Amino acid sequence: MQLDIERYRSHLASYDLGAEQEAELIRHIWQIAQSCVDRAWGDAPEQILLGTTGRKCPARAHDGLDSTDHITSTFNDAANEDAAGKTDP
Numbered sequence: 430m431q432l433d434i435e436r437y438r439s440h441l442a443s444y445d446l447g448a449e450q451e452a453e454l455i456r457h458i459w460q461i462a463q464s465c466v467d468r469a470w471g472d473a474p475e476q477i478l479l480g481t482t483g484r485k486c487p488a489r490a491h492d493g494l495d496s497t498d499h500i501t502s503t504f505n506d507a508a509n510e511d512a513a514g515k516t517d518p
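Sequential numbering from 430 applies to the sequence shown in my numbering.
A hint or two may mislead.
As the list claims (entries may be wrong) - Listed next, with one range per pair, are the computed distances between beta-carbon atoms:
#1 L479 with G447: 33 to 43 angstroms
#2 H440 with N509: 53 to 63 angstroms
#3 L446 with W470: 24 to 34 angstroms
#4 A508 with W459: 47 to 57 angstroms
Hints listed in this document are in silico derivations from the structure and should not be mistaken for laboratory results.
It should be emphasised that the depicted structure is a prediction, and the values quoted were computed from it without experimental measurement.
Glycine included, C-beta positions come from ideal geometry on N, C-alpha and C.
Let the hints inform the model, and build the full structure from the sequences given.
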């Protein structure tokens, strides 16, 4: 997405800034916002370097935890006994 400085310049009208100062401030805020978006979608440079890309939406990171296919019956038995108060703490 391309930055359109003129689109945001009106938001700085009440500040005593020159045209170049406004443009610089808008560019800095844009970079901060873009960095937050990149991090949220797994596209930040450090995420790419560490190989954590592909996990695009952090809000969906728990989806893999919803599956019970990999839980063994031993775990399920222990959980059921604990819930029924059959085991010592």
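Hints, verified against the model:
1. Separation of L479 from G447 is about 41 angstroms and conforms to the stated range, judged on CB atoms against 33 to 43 angstroms.
2. At about 58 angstroms, the CB distance of H440 to N509 agrees with the hint of 53 to 63 angstroms.
3. One distance hint, 24 to 34 angstroms for the beta-carbon pair L446 and W470, holds here, with the actual separation near 32 angstroms.
4. One distance hint, 47 to 57 angstroms for the beta-carbon pair A508 and W459, holds here, with the actual separation near 49 angstroms.
Of the numbered hints listed earlier, not one is contradicted by the structure.
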